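> One letter stands for each residue in the lines below.
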Amino acid sequence: MIWTFSFSLILSSLSGFFSISVLWPQGTCTRTTVILRSSLAVGFGCGISSYWFFGWLCLTNGSWFSMFVVSELVITLVLGLLCVLFRPGFINGAGHDPAARTAWNDLTPSARVLRAIFWAMFACAVISFILISLENPHGGFDALGGWNLRARFFARAANWREAFISSPSFAHLDYPLLLPTTIARLWKYIGHEPVLVPLVVAFLFTFSSVGLLYSSLAYLRDARVGYLGAIVLVSTSSFVLLGASQYADTVFGFFMLASIVTLAFYDAAPTRDNAGFLMLTGVAAGFSAWTKNEGILFVLMLMTVRFFGQLKGGGPKLCAHDLTTIMLGLAPILAVLAYFKLAVAPGNYYLNNGLESLPGPMAHLGKAFQSSDTIGHKVIDISRYWLIIKAASIEIWRFGGRSVGVTPFLALYLICLGVKKNGIRRVETGMAVLVLMLIGYFFIYLTTPLNLQFHLTTSLWRLLVALWPSAAFVFFVATGDWVNAKKQSPRFVDVGERRVIG
Amino acid sequence: VMFALSVLRRYAPLSILVAFSLYHGFALVRSSTLGYLKAVRPDPVSALERRLAPLKTGLASSGYNTVGYVTDIPIPEDPSWENPVVLSWAQQYLRAQYVLAPIMLDDSPAHSVVVAIFRNASSREGIVSDLGFPAVVDYGNGVFLLLRSDQ
Numbered sequence: 031m032i033w034t035f036s037f038s039l040i041l042s043s044l045s046g047f048f049s050i051s052v053l054w055p056q057g058t059c060t061r062t063t064v065i066l067r068s069s070l071a072v073g074f075g076c077g078i079s080s081y082w083f084f085g086w087l088c089l090t091n092g093s094w095f096s097m098f099v100v101s102e103l104v105i106t107l108v109l110g111l112l113c114v115l116f117r118p119g120f121i122n123g124a125g126h127d128p129a130a131r132t133a134w135n136d137l138t139p140s141a142r143v144l145r146a147i148f149w150a151m152f153a154c155a156v157i158s159f160i161l162i163s164l165e166n167p168h169g170g171f172d173a174l175g176g177w178n179l180r181a182r183f184f185a186r187a188a189n190w191r192e193a194f195i196s197s198p199s200f201a202h203l204d205y206p207l208l209l210p211t212t213i214a215r216l217w218k219y220i221g222h223e224p225v226l227v228p229l230v231v232a233f234l235f236t237f238s239s240v241g242l243l244y245s246s247l248a249y250l251r252d253a254r255v256g257y258l259g260a261i262v263l264v265s266t267s268s269f270v271l272l273g274a275s276q277y278a279d280t281v282f283g284f285f286m287l288a289s290i291v292t293l294a295f296y297d298a299a300p301t302r303d304n305a306g307f308l309m310l311t312g313v314a315a316g317f318s319a320w321t322k323n324e325g326i327l328f329v330l331m332l333m334t335v336r337f338f339g340q341l342k343g344g345g346p347k348l349c350a351h352d353l354t355t356i357m358l359g360l361a362p363i364l365a366v367l368a369y370f371k372l373a374v375a376p377g378n379y380y381l382n383n384g385l386e387s388l389p390g391p392m393a394h395l396g397k398a399f400q401s402s403d404t405i406g407h408k409v410i411d412i413s414r415y416w417l418i419i420k421a422a423s424i425e426i427w428r429f430g431g432r433s434v435g436v437t438p439f440l441a442l443y444l445i446c447l448g449v450k451k452n453g454i455r456r457v458e459t460g461m462a463v464l465v466l467m468l469i470g471y472f473f474i475y476l477t478t479p480l481n482l483q484f485h486l487t488t489s490l491w492r493l494l495v496a497l498w499p500s501a502a503f504v505f506f507v508a509t510g511d512w513v514n515a516k517k518q519s520p521r522f523v524d525v526g527e528r529r530v531i532g
Numbered sequence: 004v005m006f007a008l009s010v011l012r013r014y015a016p017l018s019i020l021v022a023f024s025l026y027h028g029f030a031l032v033r034s035s036t037l038g039y040l041k042a043v044r045p046d047p048v049s050a051l052e053r054r055l056a057p058l059k060t061g062l063a064s065s066g067y068n069t070v071g072y073v074t075d076i077p078i079p080e081d082p083s084w085e086n087p088v089v090l091s092w093a094q095q096y097l098r099a100q101y102v103l104a105p106i107m108l109d110d111s112p113a114h115s116v117v118v119a120i121f122r123n124a125s126s127r128e129g130i131v132s133d134l135g136f137p138a139v140v141d142y143g144n145g146v147f148l149l150l151r152s153d154q
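Protein chains in written order, with my numbering: chain A, 31 to 532; chain B, 4 to 154.
It should be emphasised that the hints constitute simulated quantities derived from the structure, not laboratory data.
If you're wondering where the values come from, they're calculated on a predicted model, not measured in any experiment.
Certain hints may be false.
[Said to hold, decoys possible] With beta-carbon atoms standing in for the labels, derived distance ranges:
no.	chain 1	residue 1	chain 2	residue 2	range
1	B	K41	A	Q483	25 to 35 Å
2	A	I412	B	P45	45 to 55 Å
3	A	G85	B	A113	30 to 40 Å
4	A	G221	B	I19	44 to 54 Å
All residues carry an ideal CB built from backbone N, CA and C; glycine is no exception.
Could you build all of it, start to finish, from the sequences and the hints given here?
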């Protein structure tokens, strides 16, 4: 079992790594970005294989699995070949930055201390993840009733479509399928359904987010900042808990981070042929929408912010270039998502006026979870605004801690060290998207057909945890540093006015 | 003094942030270890999988795609999401569906075959006679398969 499992995981990760390397701009596709590309590869690989697995289900109804395996092998080999042909030295090359190899390994004493602390915290998080998983190997409530249940249907049902559509027991039939199809694909490879599979998938996404945060900060800023960001993320108990509960929010958080990181790389890179970063942004944003409905909101916000930001800052030509390139990565995934939403899944409970519109127990229990007010009443009900603001304030204040969370300490860090103008320019899109996501969530809560208190209690913390890796990235790129600027060794040099690329 | 203040301004927030992270990192290990040591074994889902294993085998050979579901966990007339009974009902239903997938559980006795999962096996008499199922297969541990007379 372990060999087949490892083979299927390595296959998807390799396809992710090769596809990222092909799109990664030539100059920075070197050894210095291997950790970064490897962290991205796990998620992108799962996304690609999930996308292809869903296509295979639609085309063959789950038959001829051996042909699916062959097709995956061919896809991986073709991507590998493209890498060798178009990105020579994509693993070991030093690229355009001759100092990069030395600087990467030449850590200052403070960076060494932070590295030691990071590894201690990383070990703590891994131990905690394993213990929580052993306590609850099938995952938390939503994993059991949603993501892993769907995966079982995909892996077991003779006719997945019929089972999927007519199931009276699914709470949210319209939820996107990246996580269930990823798990079902691995189960199909193995031939049975060990609990190890969803657990390992959750582990990979949780700790790839840490790797991605560290490596992106280390590359854009400095290894010290990378370690600090990773320490703060990995010691956030709710982040580890959510990952170990096998919820899709961790996966969604990973793809949001990947989108914002690649966009920041694009905005920071001095090379003129860096459009590959934008395509990767599009792919990552697409996978976030293929993971959770919140990802659709993320895509909308990302495109809107980019449109207005580039229109104002760079003019219509740059705006059109950016949006078109993002769409090249995004469109194929959105097409499959649209097919799923329009042709396979029934309507969403939010749009169909509540849980009573659903079949099964959620309709039965609809009275328990639902609000009977109309949207008009909800919008003019001041008490709902107050309830949401109060719940969000408490959650943000306590985030990552017990009575006091990490937020006040980050505020202190920001007050003492200030902001970096260059840093803000690199992540201004990400920052605006995160703020708009919070505003979007606010209005979803305001008009939710569910009982508001129930909805806030059961979902707000998860939404914040999903935003947390991206928020940490934006924060540590934008804030000042505790070391003198002359001691830093930034990988990217600011190039002043950006120009239309290509 | 200015130099000391400058150093303090630069390193104090960093040190506080790292100390906060260290504390919560170790606290997480502590709480997860305690949780693991106190956890019921096997976990509730694995326990239900074992409990439903004979039923699952029986259903797999019967060829049914959808079956009904009844339980002795009562749903209050006016259920509130804060009521633990409602949560308990939902947990058992979803766990049973998770275990029996791809057979679909419909939360209704209006089927020719109905799965009954009782916390208390003595609930059987009252519920089964109320629902009017003449044939009952007992799989033990409070798990029954209720069949209509024409089956």
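> With reference to the structure, classify each hint as holding or not holding.
Results of checking the hints against the structure:
In this structure the supplied range 25 to 35 Å holds for B:K41 paired with A:Q483, their Cβ-Cβ distance being about 29 Å. Between A:I412 and B:P45 the beta carbon distance is about 49 Å. The supplied range of 45 to 55 Å therefore holds. In this structure the supplied range 30 to 40 Å holds for A:G85 paired with B:A113, their Cβ-Cβ distance being about 37 Å. Here the CB-CB span from A:G221 to B:I19 is close to 52 Å, well matched to the stated 44 to 54 Å.
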